[in-house]
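Going down the list, the protein sequences come from chains A and B.
Going left to right, the first sequence walks through residues 1 to 291 as this note's numbering numbers them.
Going left to right, the second sequence walks through residues 1001 to 1316 as this note's numbering numbers them.
Treat the hints as calculated values from the structure; they're not laboratory data.
There may be inaccurate statements among the hints.
With a Cα cut of at most 20 Å, we get these calculated DMTMM-like pairs of lysine to aspartate or glutamate [claimed, not checked]:
1) A:Lys220 with B:Asp1290
2) B:Lys1061 with B:Asp1072
3) B:Lys1155 with A:Asp141
4) A:Lys220 with B:Asp1037
5) A:Lys23 with A:Glu48
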Amino acid sequence: MEKTAQMTIPEVHSFEQIVARAKEKSATKPARAVLVDTSNAEMVTAFEKAAGEKLIEPVSIADAEDANKAATVALQMAVGGEVDLIVKGGFPHIEFLRQMLDRTVPFVGRGKLVSHIGVIDTKQYGKLLFVTDAGLTVQPDLKQKLALIQNAAGFAAKIGVEMPRVALLAAVEVIYPQMPVTTDAAILAKMSERKQIKGCLVDGPLSFDVAIDMAAAHSKGITSSEVAGQADILVAPTIETAHGIYTAMSLYGKSEVGGVILGGKVPVALASRSDSVSNKYRSIALAVLAS
Amino acid sequence: MTPRPILSSDELIARAIEYAGAGRKRTVAVAAAQDVDVIGAMAQAEADGFLNGILVGDADKITAMAGDESIDIDRLEIVDVKDVTAAAHHAVKLASEGKADAIMKGFLPTSSLLKVVLDKQYGLRGKNTLSHCAVLDIPGYHKMINMTDGGMVVKPDPDTKFQILENAVMVARALELSPVKVAVSAATDSFSDAVPHIPSDINVVIPQAKEKLGDIVIQGPVSFELATSKIGFEYQDETGLVVGDADIFLMDSIEECNLVAKALIQFAQAVFAGVIVGAKVPVSLVSRTDTIKNKKASLAIACILADYYDRNKVWQ
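This is chain A alone, in the form it adopts within the complex (with noise of 0.2 Å):
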């Protein structure tokens, strides 16, 4: 019988590491926070929690009342340097998207590609998961995702996920030409393989249970990935399956989470509709390390 390879735990594997190495890092230098919109109660009181634990510095608008306005200030302020994180509250999410990208902000860079990243906690796991891209990328094509890989996989290392493990998720683990998600998984998982994307370790096709069981990997015959079994990053191939995934494991899956988008001139925290307001505070321990 073959021996069962061991999954890789990296050095932060746990929420209570990432808002303690938040912490740890605003109390050398205080990271500089802004709030838009007000009008969602658990985002006010995730922010307020991280002020008064010192995880954040507050920085107030004035007239923060109208959102919209809000929106291009904060925006404005971390142009300018004068914030190094936004937390969006109850702020229409397409709204401040649209403020976002817009070029004449320049919030973003040009050629930069901005991206949602998700991380899950589930203690069933052992380590964190990241998924991407369940906020901005509608269905990524190949040059988006090599994108959204390196955005994930920087964060991750960032955050001390050294040489994260990034699968490319898709319905099978075979490649089939008219399943155009399989085949640029592929290209990708050769473009790690020759050392052309640097910083991970990137495999797929891969399915859920393949990337995130080495059981489930071995009973369809992939043992020589670095990847299959013990993945960090889940690049989804749609929003919607991102976003999906992301839900299903805060609502059902017992699971912590946060999110933050990332690739702009500073990181901005997003948390889901559904989250608790742990998980927005989570969201912004996550952009505290992020910036």
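Chain A is fixed; fit chain B onto it per the hints.
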């Protein structure tokens, strides 16, 4: 008769047993039954009393496998057909002759079995495409949700999507759900105007469904979150009866459905009953990694669906 909605996997199995007890025990024919997991599931379901089983396949292998695993197959009928394709033809023929009510996949690829199921000589084709329904019982959600299609149609066009929905609604009828609440996925619920291709699908599927499928409430675009949870709902503009209460989640792509369903199975301990719908008999398949409860639930839903077809003369 007042509908008695089936809302959990336990109720699903119990209902299949009840129908069998009322003289409507269904017969499931296994195509290429030399698969130990399938033999085990069939023996269990037979012992529970909700089906009669015909194992079509390599009799020597079937007997040996059952012996090795101490599975009691005495009450299952064995038809010795060694070649897997010939076994598939035999099982499908049993169904076409009315000697079996449902077909179960054994030791052959799904595509090979379905090719035989769709073979014109057996007359088992329906008017719709074949689609996979994953009926999930998620602990924490107050009813089951049918997520479709995560197994068959790679990139459905709007018409195919409607057929997938119609298949799923048929399963909902068999589960006696009324009205059937359908959420149609597309991007995230707050983000739909940035997704030009998806609303166009929705604009075809939803009006068509409202016109042609009675007794349903349908809404979209809706995210998985919104389909199953009302938490934080007041912050969004979405309104409607489906929010937090969906019976069917019609998903945008095979990937979305497959991946989200598997996340729920892996990390939320969801029990799932899977069945392929669209032919005149349900086609059941289980995989090695399924728990015994998953396997029984999949067989139970196939029996309940077959019962529904028969009682309502759906294909006549």
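Requested in this report: Just pull the numbers of the violated hints for me, sorted ascending.
Outcome: none
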